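Here is how the chains run, residue by residue.
Protein chains: 2
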Amino acid sequence: MNERHETPEPETPEPMSETRLTELLRRAGLRPTRQRLALGQLLFGSGDRHVSAEALHAEVEAAGESVSLATVYNTLHQFKRAGLVRELAIDGSRAYFDTNVSNHNHFFIEDAGELMDIDSGSIRVDGLPEPPEGMRISHIDVVVRLVKA
Amino acid sequence: MNERHETPEPETPEPMSETRLTELLRRAGLRPTRQRLALGQLLFGSGDRHVSAEALHAEVEAAGESVSLATVYNTLHQFKRAGLVRELAIDGSRAYFDTNVSNHNHFFIEDAGELMDIDSGSIRVDGLPEPPEGMRISHIDVVVRLVKA
DNA sequence: TTACATGCAAACTGTTTGCAAATAT
DNA sequence: ATATTTGCAAACAGTTTGCATGTAA
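If you read the sequences in order, they're chains G and Z.
If you read the first sequence in this note's numbering, its first letter stands for residue 288, the second for the next number, and so on.
If you read the second sequence in this note's numbering, its first letter stands for residue 288, the second for the next number, and so on.
Hints in this document: simulated from the structure, not taken from any laboratory.
There may be inaccurate statements among the hints.
You can't tell identical chains apart in this list, so a pair holds if it fits in one copy or across any two.
[Unchecked claim] With a straight-line Cα cutoff of 25 angstroms, these simulated SDA-like cross-link-like pairs (lysine to any residue) come out:
#: 1; residue 1: Lys367; residue 2: Leu402
#: 2; residue 1: Lys367; residue 2: Ile396
#: 3; residue 1: Lys435; residue 2: Ser339
#: 4; residue 1: Lys435; residue 2: Ser333
#: 5; residue 1: Lys435; residue 2: Ala349
#: 6; residue 1: Lys435; residue 2: Gly414
#: 7; residue 1: Lys435; residue 2: Gln365
#: 8; residue 1: Lys367; residue 2: Pro419
#: 9; residue 1: Lys435; residue 2: Gly316
#: 10; residue 1: Lys435; residue 2: Ile424
#: 11; residue 1: Lys367; residue 2: Gly379
#: 12; residue 1: Lys435; residue 2: Arg314
#: 13; residue 1: Lys435; residue 2: Ala345
#: 14; residue 1: Lys435; residue 2: Glu397
#: 15; residue 1: Lys435; residue 2: Arg336
#: 16; residue 1: Lys435; residue 2: Pro418
#: 17; residue 1: Lys435; residue 2: Ser389
#: 18; residue 1: Lys435; residue 2: Glu420
#: 19; residue 1: Lys435; residue 2: Val388
#: 20; residue 1: Lys367; residue 2: Glu401
#: 21; residue 1: Lys435; residue 2: Leu312
For clarity, every value in this text was computed on a predicted model and none was experimentally measured.
With the hints as constraints, model all of the structure from the sequences given.
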């Protein structure tokens, strides 16, 4: 396992050429294999996305590429280590990955298990208490849970 | 935006008599069995608590009462349905239950997997965007993740 | 007495891992 | 050539469930 920890690429969304994708992977220290290119295309080829491993696996199969579920998991974790995706703790029962790695928050539609970004500018959190001695804040997650009105 | 299902009684923390606990369970429509009394004592007998099922099981065994893990799970869910505890989505790998069912937020110490309440008054969230059509906000979770400084 | 609760082990879900075969450089 | 990556199936953790037995009312 040799991950290169570099500043995550400000990738342009929208259909990404294989060359761009290859570059992206290379810079992350990952060989551009068929599987990683297929997953990368789905993840980074069309704006910000929220996926579970299972869902991404279904998608890649539907797209005609065969990639094992284990590889989907491994790849998502490699992408995460490379800073290309962020993992979200939303719902204990499955892991969600977000291709938007910038600072932003989420709506979560409970019944549908569906996630949506909240524009980064809108929410403001203040009145934060001091973290306990010897600790620092690494990240603040805000999840706005929605139900049918 | 600060919707709350009516919480069924702000029970007094601190060592709770068996009679009080029995009452509490009765009002929740739950028979005061040995197991539920033992778990209830641990959960509601000493201020606000954050527990995983596994940890609570260890505790109750350590306290000399034998309660199966399955019963711990079942009981936590019954307590949750009764509004006596709240389940937290913090970390995909295990479920945490919080005996503080009022509106408040959390510090989460990543490495230790430890949770702490943040005083309810301190954090303020504003600039919330409108929920999508036909949806309403059921709850807002704020988790402040901490790492060693 | 009877409806509810428990314990056990087995089932299940989502995720991870070990290892031989395949692939990228 | 060789280091990395993959797929598979088996392992795994946490959680849930079916059912016979035990218990509260």
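Hint check:
1. For the homomeric pair Lys367 and Leu402, the shortest alpha-carbon distances inside one copy (18 angstroms) and between copies (24 angstroms) are both at most 25 angstroms.
2. For a Cα distance limit of 25 angstroms, the shortest separation of Lys367 from Ile396 qualifies both inside one copy, at 24 angstroms, and across copies, at 20 angstroms.
3. For the identical chains of this complex, Lys435 and Ser339 are intra-copy neighbours only, at 23 angstroms inside a copy versus 29 angstroms across copies, given an alpha-carbon limit of 25 angstroms.
4. In this assembly of identical chains, the alpha carbons of Lys435 and Ser333 never lie at most 25 angstroms apart, being 28 angstroms within a copy and 36 angstroms across copies at closest.
5. Within a single copy, Lys435 and Ala349 get their C-alpha atoms no closer than 30 angstroms, and across copies no closer than 43 angstroms, so neither meets the 25 angstroms cut-off.
6. Taking the shortest Cα distances, Lys435 and Gly414 sit within 25 angstroms of each other only across copies (21 angstroms), while inside one copy they are farther apart (30 angstroms).
7. For the identical chains of this complex, Lys435 and Gln365 are inter-copy neighbours only, at 24 angstroms across copies versus 36 angstroms inside a copy, given an alpha-carbon limit of 25 angstroms.
8. Taking CA atoms no more than 25 angstroms apart as the test, Lys367 paired with Pro419 passes in neither setting, with 28 angstroms inside one copy and 29 angstroms between copies.
9. Taking CA atoms no more than 25 angstroms apart as the test, Lys435 paired with Gly316 passes in neither setting, with 44 angstroms inside one copy and 28 angstroms between copies.
10. In this assembly of identical chains, the alpha carbons of Lys435 and Ile424 lie at most 25 angstroms apart only when taken from different copies (9 angstroms versus 33 angstroms within one copy).
11. For the identical chains of this complex, Lys367 and Gly379 are neighbours both inside a copy (19 angstroms) and across copies (15 angstroms), given an alpha-carbon limit of 25 angstroms.
12. In this assembly of identical chains, the alpha carbons of Lys435 and Arg314 never lie at most 25 angstroms apart, being 43 angstroms within a copy and 29 angstroms across copies at closest.
13. Taking the shortest Cα distances, Lys435 and Ala345 never come within 25 angstroms of each other, neither inside one copy (27 angstroms) nor across copies (38 angstroms).
14. When the C-alpha separation of Lys435 and Glu397 is checked against a cutoff of 25 angstroms, the pair qualifies only within one copy, where the shortest distance is 9 angstroms, while the shortest distance between copies is 33 angstroms.
15. In this assembly of identical chains, the alpha carbons of Lys435 and Arg336 lie at most 25 angstroms apart only when taken from the same copy (23 angstroms versus 31 angstroms across copies).
16. Taking CA atoms no more than 25 angstroms apart as the test, Lys435 paired with Pro418 passes between copies only; the shortest distance there is 10 angstroms, against 36 angstroms inside one copy.
17. Taking the closest pair of Cα atoms, Lys435 and Ser389 come within 25 angstroms of each other only across two copies (22 angstroms); inside a single copy the shortest separation is 28 angstroms, beyond that limit.
18. Proximity of Lys435 and Glu420 under a CA criterion of 25 angstroms is satisfied inter-copy only: 9 angstroms between copies versus 42 angstroms inside one chain copy.
19. For a Cα distance limit of 25 angstroms, the shortest separation of Lys435 from Val388 across copies, 22 angstroms, qualifies, whereas the shortest one inside one copy, 28 angstroms, does not.
20. In this assembly of identical chains, Lys367 and Glu401 lie within 25 angstroms of each other by CA distance both inside one copy and across copies; the values are 20 angstroms within and 23 angstroms between.
21. Within a single copy, Lys435 and Leu312 get their C-alpha atoms no closer than 40 angstroms, and across copies no closer than 30 angstroms, so neither meets the 25 angstroms cut-off.
Violated hints, in rising order: 4, 5, 8, 9, 12, 13 and 21; the structure is consistent with all others.
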